Amino acid sequence: MMSINARLLLSASLVLVAFLSFTGYALDRAFTDSGIVAIKERLQTEIFSLLAAADSDDIHTLTMPGTLPDLRLSTPASGLYAEIISDQGKVIWRSGSMLGIKIPFSPIDVKGEPRFTEVVADNGTQLYTLGLSVVWEVAPFIVRGYTFYVAETKEHFENQRKRFRKSLAMWLGAAVIALLMVQAIILRWGLTPLRKVASEVADIEAGRKTELSANYPQEIELLATNLNVLIRSSNSHLKRYRNALGDLAHSLKTPLAVLRNLVNSDGLPEGTKKTVYDQIKRLDKTVEYQLQKAVASGRKALAAPISIEKVAQKLLNTFRKVYVDKQIDFKLNIDPDIKFIGDEGDLMELLGNLMDNACKWCRNKVKVSVFATDGMLTILVEDDGPGIAQEEQEAILKRGVRGDSQVEGHGIGMAVVRNLVEEVYKGKLTIEKSVLGGAEIAVILAW
Amino acid sequence: MRLLLIEDEVPLADQISSSLRESGFAVDIANTGEDGLYLGKEYPIDVAVVDIGLPDISGIEVIKKWREEECGFPVLILTARGRWEEKVEGLESGADDYLVKPFHMEELIARLRTLIRRSAGFSDSKIPMGRFSLDTAAQKMLFDDEEIDVTAFEYKVLEYLILHADKVVSKSELSEHLYEDDFDRDSNVLEVIIGRLRKKLDPDKSLNPIETLRGRGYRFRSVE
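Line order of the protein sequences matches chains A and B.
2 is the number of the first residue of the first sequence in this note's numbering; add one for each residue after it.
821 is the number of the first residue of the second sequence in this note's numbering; add one for each residue after it.
Derived by calculation from the structure, the hints in this document are not laboratory data.
Among the hints, erroneous ones may be present.
[To be verified] Below 20 Å or equal to it, Euclidean Cα-Cα: the simulated PhoX-like pairs (lysine-lysine) are:
1. A:Lys327 to A:Lys361
2. A:Lys361 to A:Lys322
3. A:Lys210 to A:Lys103
4. A:Lys91 to A:Lys103
5. B:Lys946 to A:Lys315
6. B:Lys946 to A:Lys327
7. A:Lys210 to A:Lys294
8. B:Lys884 to A:Lys322
9. A:Lys399 to A:Lys429
[Claimed, not checked] Here are a few chain B residues that sit away from chain A, every Cβ distance over 10 Å (derived from the structure):
10. Glu829
11. Pro831
12. Ser839
13. Glu881
14. Gly902
15. Glu905
16. Val908
17. Lys946
18. Ile968
19. Ser995
20. Tyr999
21. Val1012
22. Arg1016
23. Lys1020
24. Thr1032
25. Arg1041
[What the hints assert, rightly or not] So the derived label-pair ranges between C-beta atoms look like this:
26. A:Leu239 to B:His924: 51 to 59 Å
27. A:Lys429 to B:Tyr858: 37 to 45 Å
28. B:Ile877 to A:Ala295: 23 to 31 Å
All values derive from a computational prediction rather than experimental measurement.
Note that CB positions come from ideal geometry on N, CA and C, so glycine has one too.
Throw the hints in and build the complete structure from the sequences for me.
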């Protein structure tokens, strides 16, 4: 899923770009419109100055003086052109600037109303034209009609507009960059608390912290507080639960130990002795198995991954002490980077029981290997002992057999392991023959 | 061998201690962690049995404190929970072995004998001393693999001397490790027993395995 940061950055950037494009477009339109209005006014002024300069001769024909106020009209190809046409369609006068250029002025029917058009001259020059049809009283009661045209090349205005657009683009571009930068900084700052939550959760999971720190903005303070409550309660709940079970074990097993010793020493009849002894043994196994089962916690939220190597090493030190006379040659083949996602106590129970059995049954070699392949974590415990007979393997692995009724020999340990692997961690337990000669127990868990 | 038992459950403590006494241990009993801690520090203990689930301070704390104060005698822990976390914690704190309740008394005694022998530096249950040897598993004294008939108390004396072979063991040390505290000690009894042992081990007085160092004590020689 797209990150919050990317979402905000993308949407804000889109809005920013759209807004600035619209601004650019509007400014360009305003510039063009005002430019054209200015051209219209200028051309009108030209027409008025031509009108002012016009005179009539003896035969009541309109004449123009040799020199005109605007010098551009006398200079060829200056960009400003003028023409006067009589109502009969006869060209009365042309400005000197029109030498060598033909402009297709469109005729105007309505008198006294200036008309603005855009035309293309024969040499391809684009022009703005303004025409004004007037009625001229050359002498009392002698009226003639003329149309005055002026034209100006678009070139000048286009150049101006280009310059304007260029600087507009530059400023808007600079504004976009500056605003994007500011926005990125604001986003970073605004999302800092979320980033902090994420990194603190990662710290908790890695075991560097036990809970989230206290100062958060009010929007996520509640979340942080609740998360802390959750972590604390799950930890303390598990601890209390385990302590309670420990006390229960202690208070159940100590009397069992007393009873068991009594049976051996008292003068009970042999048959009774055996029955009592068997019942005590059954009680003991049930208590042991059920407590072990109850104490397994499984995967917890926000628990640090456990280094399998460390746990195996701890157990190995224990077994070195306990089985010192056996001089066992231990081999640990565990990548220290492979972590167990779950409870350390569970892992210790799992490995402890498997390694203890291996130590018990081996001649002098025990090997523990752990490897991870595409999402599967495999724990192998091997020994060079006699191995496990087929029927016993079946009894150990058979589903639905209650652990406390399981066969002697591999004892309650294997039942605890099976419960942990299959019920608590939803993995698989298999028994094979090891290359070392004895049993090879494999635990396969999702990683 | 002098053994310290820390167990808060009085009936169980009584059962264990009487079985251990029958097997030749001199047993001191503490019903709380504090008492046990004190006895371990102050008494000449050879081996300790510590219940982890004590009402005042945990057995693990007791062992840790002993080890901090360099009390090096071997310790066996008794645990009600069979959890590896607890066993590992116990052994990491300095214990040497564990037993899960309920246990067979014979198992406890065998483990304790192994611990004592190991802590004296002997890895095999049969300890050779020249032509003599001590079978700690069978609790027998042998000469050229022939059993020498000794009484239970004589065996205790021999065992202590052999586990401390080539070291001088004073009479008071011997009595401290063989008798319980409230026992009325009489050093003449030990002298008589040593004399009897000399006769049994070395009837023709040629090997002289047990030396007397005047004013200092006795020494069992590992080779003749």
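Hint-by-hint comparison with the structure:
1. Using a Cα cut-off of 20 Å, the hinted pair Lys327 (chain A) and Lys361 (chain A) holds, with the two alpha carbons roughly 9 Å apart.
2. Between Lys361 (chain A) and Lys322 (chain A), the direct Cα distance comes to roughly 13 Å. Compliance with the 20 Å bound is thereby established for this hinted pair.
3. Restraint check for Lys210 (chain A) and Lys103 (chain A): the C-alpha separation of about 88 Å exceeds 20 Å, so the hint is violated.
4. Using a Cα cut-off of 20 Å, the hinted pair Lys91 (chain A) and Lys103 (chain A) holds, with the two alpha carbons roughly 15 Å apart.
5. Straight-line distance between C-alpha atoms of Lys946 (chain B) and Lys315 (chain A) comes to about 31 Å, which puts the hinted pair past the 20 Å bound.
6. Distance restraint check for Lys946 (chain B) and Lys327 (chain A): the Cα-Cα separation of roughly 15 Å lies within the 20 Å cut-off, and the hinted pair is therefore satisfied.
7. Annotation: proposed proximity of Lys210 (chain A) to Lys294 (chain A) is violated, straight-line Cα distance about 29 Å (limit 20 Å).
8. Taken as a hint, the Lys884 (chain B) and Lys322 (chain A) pair is honoured in the structure, with Cα atoms around 17 Å apart against an allowance of 20 Å.
9. Our distance criterion of 20 Å between C-alpha atoms is met by Lys399 (chain A) and Lys429 (chain A), whose separation comes to about 12 Å.
10. For Glu829 (chain B), the shortest C-beta to C-beta distance to chain A comes to about 5 Å, within the 10 Å cut-off, and the non-interface label is violated.
11. With a cut of 10 Å on Cβ distances, Pro831 (chain B) falls inside the contact zone with chain A, its closest approach being about 5 Å.
12. With a closest Cβ-Cβ approach of about 7 Å to chain A, Ser839 (chain B) is found to fall inside the 10 Å limit, against its non-interface label.
13. With a minimum CB-CB distance of about 15 Å to chain A, Glu881 (chain B) clears the 10 Å threshold, and the non-interface call stands.
14. For Gly902 (chain B), the non-interface assignment is contradicted: its Cβ lies about 6 Å from the closest Cβ of chain A, within the 10 Å cut-off.
15. At roughly 5 Å from the closest C-beta of chain A, the C-beta of Glu905 (chain B) falls inside 10 Å, breaking its exclusion from the interface.
16. Not every beta carbon of chain A lies more than 10 Å from that of Val908 (chain B), the smallest distance being close to 5 Å; the non-interface claim is violated.
17. Every CB of chain A lies more than 10 Å from the CB of Lys946 (chain B), the least distance being 12 Å, so the non-interface label holds.
18. A cut-off of 10 Å between C-beta atoms confirms that Ile968 (chain B) is not in contact with chain A; the least separation is 25 Å.
19. Every CB of chain A lies more than 10 Å from the CB of Ser995 (chain B), the least distance being 29 Å, so the non-interface label holds.
20. With a least CB separation of 24 Å from chain A, Tyr999 (chain B) remains clear of the 10 Å interface cut-off, as annotated.
21. Distance to chain A confirms Val1012 (chain B) as a non-interface residue, since its nearest Cβ pair spans about 33 Å, more than 10 Å.
22. Every Cβ of chain A is farther than 10 Å from the Cβ of Arg1016 (chain B); the closest lies at roughly 32 Å, confirming the non-interface assignment.
23. No Cβ of chain A comes within 10 Å of the Cβ of Lys1020 (chain B); the nearest lies about 30 Å off, and the non-interface call holds.
24. At the 10 Å boundary, the C-beta of Thr1032 (chain B) stays outside the reach of chain A, the nearest C-beta of that chain being 34 Å off.
25. Separation of Arg1041 (chain B) from chain A is adequate, the least Cβ-Cβ distance of about 26 Å exceeding the 10 Å criterion.
26. The hinted range of 51 to 59 Å is not satisfied by Leu239 (chain A) and His924 (chain B), whose Cβ atoms lie roughly 33 Å apart.
27. Between Lys429 (chain A) and Tyr858 (chain B) the CB atoms are about 52 Å apart, so this pair departs from the stated range of 37 to 45 Å.
28. Separation of Ile877 (chain B) from Ala295 (chain A) is about 27 Å and conforms to the stated range, judged on CB atoms against 23 to 31 Å.
Figure legend: structure checked against the earlier numbered hints; hints not met, in rising order: 3, 5, 7, 10, 11, 12, 14, 15, 16, 26, 27.
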